[in-house]
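**Q** Protein sequence lines correspond, in order, to chains A and B. Whatever position you read off the first sequence (first residue = 1), add 4 for our numbering. Whatever position you read off the second sequence (first residue = 1), add 319 for our numbering.
Hints may be right or wrong, so weigh each one.
To be verified - Computed list of lysine-lysine pairs in BS3-like fashion (alpha-carbon distance at most 30 angstroms, straight line):
(1) B:K434 x B:K392
(2) B:K340 x A:K107
(3) B:K340 x B:K392
(4) A:K396 x B:K434
(5) B:K370 x A:K396
The set of hints was computed from the structure by calculation and includes no laboratory data. Remember, it's a predicted structure, so these values are computed and weren't measured experimentally.
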Amino acid sequence: MSLEALTQAALLGTARNAPPEVELPEALATEEAAPERRLLRDAALLAVMGEAGELPDRVAALPDPAPDESRPPCPPAAAQHLRAILRGPYEDALPEWLNALAKTGAVVPPEALRELLDRQWLAPRLERVMSERGRWLAAQHDEWEWAAGGDPAERFETGGRDVRLHVLRTLRADDPAAARELLASTWGQDNARDRETFLAALATRLGPDDEPFLETCLEDRGQGVRAQAAALLSAIPGSALSRRMAERLGPLIGTRLRTLTVELPDEDAGEDWMTARPPSGMGKRAWVLWQIVAAAPLGVWERVDRDPAKLLSRRIADGMGDLLDSAWAEAAARQRDTSWATALLDRGYAVRELIAVAPQAGERLLAGGLDTGLLDALPTPWSRAFSETVAKQLSGDHPPVHLAHALGAHGDPAIADRLAGATHPHVRDAAALIAFRRTMLSTLEETR
Amino acid sequence: MPAAWTAEQVLALAPDASSAKAAHKQSNPGVWSGLGSSERALWGLCQGSGKQPYETVVDLPEPAFRCSCPSRKFPCKHALGLMLLWASSPGAVAAGEAPGWAASWLDGRAERAAKREAPAAPQDPEKAAEQAAKRAARREQRVLDGLAELRLWLDDLVRQGLAHAEQRGRREFEQMAARLVDAQAPGLARRVREMGWTLGAGPDWPAKLLADAALLSLLADAYPRHDELPDGLRAELRSQIGWTTGTEELLAGGERVRGAWRCVGVSQIEDENLRVRRTWLWGEARWALLLDFAHPSQPLPPAPAAGQTLHGELAFYPAALPLRAQIAEQDGDAGEAPLPSCDTVAGLYRERAEALARNPWIDRLPAALTATPVRRGDRWALADADLQAIGVEAPSATSLDLAALAGGKPVGVFGEWTRGGLRPLSAWPDERLVAL
């Protein structure tokens, strides 16, 4: 006799239908005469008996446990800091914390895994400190697929776009040749957008071995892919493309006393990988020149001056100054040329990519007129001197909130004491953040 | 010196997430001066945005707080910040003599605590007892009258049928609940109101509603005879009606158990009217539950945080299954009490059957077991070595955190077990308890 039959009777009501008889053990027998009373009493007994007599659920099998860790665990004190970062006001310190943990060789603590795996935008940094436990957990949840370990080739072949990009980048940092071969293996089937995105991953650990593959990409159907390949080839010293560009550029360069002259090339002097249509306002030949200068090795300019700072101080004929600055900046960024980047930044040419290549010059430039928009181009932490400069800017009555926040998140923790006595809330927040970073970094330093 | 607190335990005291964040900022040593500590207390001056620094004192054993800042939150961010600072760098809060402003508050607390132990004798004991007895008798009559009405109402519900009730809607349930509130039976009123919400809710609503009505009917029949019933059941019935046992009565009559109690889990629920916190303790081979209520804008009284050990005497409220308790007395002892002994799933089901036999109305049980989290589609279960399982009823974040902690291996888990499933509150993969 089940509660179900009684429930049916209760739904209809005992006024119309008598409730079914329920057989109960003698000790529980009732003398209730009224049908509604009988029903309620029987229902109470069956409900409690049912719940008390409920048998446990069963599972078919226990899961496979996560593999043991091969790397040391996160030190407990550092794990506390991570909790303060994830749950408290110090989220900005997370990328720095992850880097510092990576240097100790340890892995992230299990209790933070869910919150960290949800932060896919930090995938490259998380990859270096991901535990076996984390990969095991990620493999069971689709939204964390990017973090699941496994054979890179298989994941690259079958995964979604995000996962493929992550796998390629991770592999490239570890084994550049294997990454290139993996990319080549699916090249034919990938669409143009994917080809362009994935090709950009070869910028990491770029080298002469990449040249043959990149040369084939110069003839790709997609314009974006061709341009991307050319940019990469121009950054490989001694590549065939960069030699060709040097040959084309050389004859165009001249000097007239202290003035630098650059002739425009012929309209057909370009190569197939170049874009034909110039940006608006620029003539066709000027555009060809820009592309040649951007792709030619900066060493070509040494015939004029060995020191780029000297070269840049020359007068430039025919109003070519802007065009050349722009092309030189492109070349310096691609070739990661510190002295050219420094020279350009010192002349006030403020470009994010140049700041990343020459941070010291970037700091000098930014100190002169703190454009907070470019502050995040500087690597974290800033130099001590620059941090002090920014700290000074915050001592007035109205310290700019973005500047204060940037100092708190990216400044050199060694200056933390300098902000200690601050009264303005923006600066006090920055002081707390930078003091926290100092503590968290020293804790991780101690365990190295 | 009492056992040092960890940052996690300090943060558990924060009334909300924004206080926890603010506490971190206030733990920066740069804003503090005049820091000091004694065996039982911490103090310091905190530089706020005003000219005068705030005076902050913490009385550690409970803990209790006092701060001169104007914040309405309790404990305020300065008190939390001071405790956080102390938890991470005890050396920064060196031992010393309490300054005047801190000493006067601490001494005042010590005096009041002494007074509580020796309560003042009532003016006229006979008169007071007489008045109390009259009030109780009046209330008893109101309750009996309310129950008689409820009896008729339940009979009617079943005669006319649940389908009929669904058509008529919730309103009649609300009205019956209001009459029970007038009859001074708030516990019954709550049940009737909840039954109203079950009407038409989900595919199984008729069976649920019938079970609820049947158990309520059992209460209505049993209560008038409660004097004839054994002590535990009588106390249970009174508490189901909604009679509360006063603190004095409890401390005078309740079962006292002294020992070391480990806090194994804390759950907190809040709606627009009320905040309820359940603190579960394990000690002396038994469970204890500390129940605290507050209006959302008011502070909750202090209670241990998950992982902490409380040394002292608990007074248990009389019940069929004594669980709810109050802290009668705290010792200054240090040392960690052991974690609960873990059951198998089968063992837990047996315990539940026994609990239901003693108290058919019980709806929430503490459960500690060694189990592995197993995922079944969208839902999780905890399975033991015999492959038997209890369903988990919790937000997915909690289940994922538990899965990460377990790593596919068995872990100790503590949670609240209700009809819907087990809600994990903490786990211990090694000897360290992690609150979920």
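**Q** Taking the hints in turn, state whether each one holds.
**A** We went through each hint and held it up to the structure:
no.	hint	result
1	B:K434 x B:K392	28 angstroms, holds
2	B:K340 x A:K107	28 angstroms, holds
3	B:K340 x B:K392	13 angstroms, holds
4	A:K396 x B:K434	56 angstroms, violated
5	B:K370 x A:K396	23 angstroms, holds
Checked against the numbered hints given earlier, the structure breaks only hint 4 and satisfies all the rest.
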